[in-house]
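Following the hints, put chain B in place on chain A, whose structure we already have.
These protein sequences, in sequence, are chains A and B. Per my numbering, the first sequence runs over residues 9 to 119. Per my numbering, the second sequence runs over residues 241 to 355.
Source of the hints: derived by calculation from the structure; they are not laboratory data. Computed from a prediction, not measured in an experiment: that's the story for all the values here. A virtual CB, placed ideally from N, CA and C, is assigned to each residue, including glycine. Please note that a few of the clues may not be correct.
What the hints assert, rightly or not - Just a few of them, taken from the derived set where beta-carbon distance is under 8 Å, the chain A residues facing chain B:
1) Ser51
2) Pro52
3) Leu54
4) Lys106
5) Leu107
6) Phe109
7) Gly110
8) Thr111
9) Gly112
Said to hold, decoys possible - In silico DSS-like cross-links for lysine-lysine, where the CA-CA straight-line distance does not exceed 30 Å:
10) Lys64/A to Lys335/B
11) Lys50/A to Lys310/B
12) Lys50/A to Lys297/B
13) Lys335/B to Lys75/A
14) Lys106/A to Lys310/B
15) Lys311/B to Lys106/A
16) Lys50/A to Lys253/B
17) Lys311/B to Lys50/A
18) Lys50/A to Lys258/B
19) Lys335/B to Lys106/A
20) Lys310/B to Lys335/B
21) Lys293/B to Lys243/B
22) Lys50/A to Lys335/B
23) Lys243/B to Lys64/A
24) Lys106/A to Lys293/B
25) Lys50/A to Lys243/B
26) Lys106/A to Lys295/B
27) Lys50/A to Lys295/B
28) Lys253/B to Lys297/B
29) Lys311/B to Lys253/B
30) Lys295/B to Lys311/B
31) Lys297/B to Lys75/A
32) Lys106/A to Lys297/B
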Amino acid sequence: QKEVEQNSGPLSVPEGAIASLNCTYSDRGSQSFFWYRQYSGKSPELIMFIYSNGDKEDGRFTAQLNKASQYVSLLIRDSQPSDSATYLCAVTNFGNEKLTFGTGTRLTIIP
Amino acid sequence: DVKVTQSSRYLVKRTGEKVFLECVQDMDHENMFWYRQDPGLGLRLIYFSYDVKMKEKGDIPEGYSVSREKKERFSLILESASTNQTSMYLCASPKASGGLTDTQYFGPGTRLTVL
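This is chain A alone, in the form it adopts within the complex (with noise of 0.2 Å):
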């Protein structure tokens, strides 16, 4: 079992609508977890990071997490053709500053 699963998609999402990214992952001593956002030849950018149950707003962005169900999503509100790139789950547990990776989900928004 891969310590960080994503479904690679591809995800279309009509523009101006609610796209959704699910990451799920298998270590429960994880304690913080991130989004990248990684344009194609482009290294990955933060989106956000969320340490506790619950949801956390930045703009059109939301970081949910779920640590009883080992799951963490991002909703991405009012999409735009910009937000189209492979979005990166990522995991680490206190204390320890290696980054466990998902493979990434690859979101398109369609005009």
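Structure of chain B alone, referenced to chain A:
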């Protein structure tokens, strides 16, 4: 503005060559990481370093070594390049706050092709 730079964006080498990939960060961070990224496999950790002259193996260290002589510089070395080391190589340096990493800064990446 924080910066992680890598010595080359694109590199083409021949099988058996010794290859050096350089990474420099200007954030005075202690931790630095080397990943490789391949389609369908995601980012995989090769080596990381917590301090000068300190190094630890990641998940796929075979065929690689590293050097950290100065805090700001972390080098990845392919002792004898092979075609299966053709990949995108990404250097990263995290900012840690109270034991929880909040931001990991990535360099622009080096696309290495081994012929």
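Checked hints:
no., hint, in the structure
1, Ser51, "holds, 4 Å"
2, Pro52, "holds, 5 Å"
3, Leu54, "holds, 6 Å"
4, Lys106, "holds, 6 Å"
5, Leu107, "holds, 6 Å"
6, Phe109, "holds, 4 Å"
7, Gly110, "holds, 6 Å"
8, Thr111, "holds, 4 Å"
9, Gly112, "holds, 6 Å"
10, Lys64/A to Lys335/B, "holds, 20 Å"
11, Lys50/A to Lys310/B, "holds, 27 Å"
12, Lys50/A to Lys297/B, "holds, 25 Å"
13, Lys335/B to Lys75/A, "holds, 24 Å"
14, Lys106/A to Lys310/B, "holds, 21 Å"
15, Lys311/B to Lys106/A, "holds, 18 Å"
16, Lys50/A to Lys253/B, "holds, 21 Å"
17, Lys311/B to Lys50/A, "holds, 25 Å"
18, Lys50/A to Lys258/B, "holds, 25 Å"
19, Lys335/B to Lys106/A, "holds, 12 Å"
20, Lys310/B to Lys335/B, "holds, 18 Å"
21, Lys293/B to Lys243/B, "holds, 22 Å"
22, Lys50/A to Lys335/B, "holds, 21 Å"
23, Lys243/B to Lys64/A, "holds, 27 Å"
24, Lys106/A to Lys293/B, "holds, 18 Å"
25, Lys50/A to Lys243/B, "holds, 15 Å"
26, Lys106/A to Lys295/B, "holds, 13 Å"
27, Lys50/A to Lys295/B, "holds, 26 Å"
28, Lys253/B to Lys297/B, "holds, 24 Å"
29, Lys311/B to Lys253/B, "holds, 28 Å"
30, Lys295/B to Lys311/B, "holds, 12 Å"
31, Lys297/B to Lys75/A, "holds, 28 Å"
32, Lys106/A to Lys297/B, "holds, 11 Å"
Hint compliance for this structure: every hint is met.
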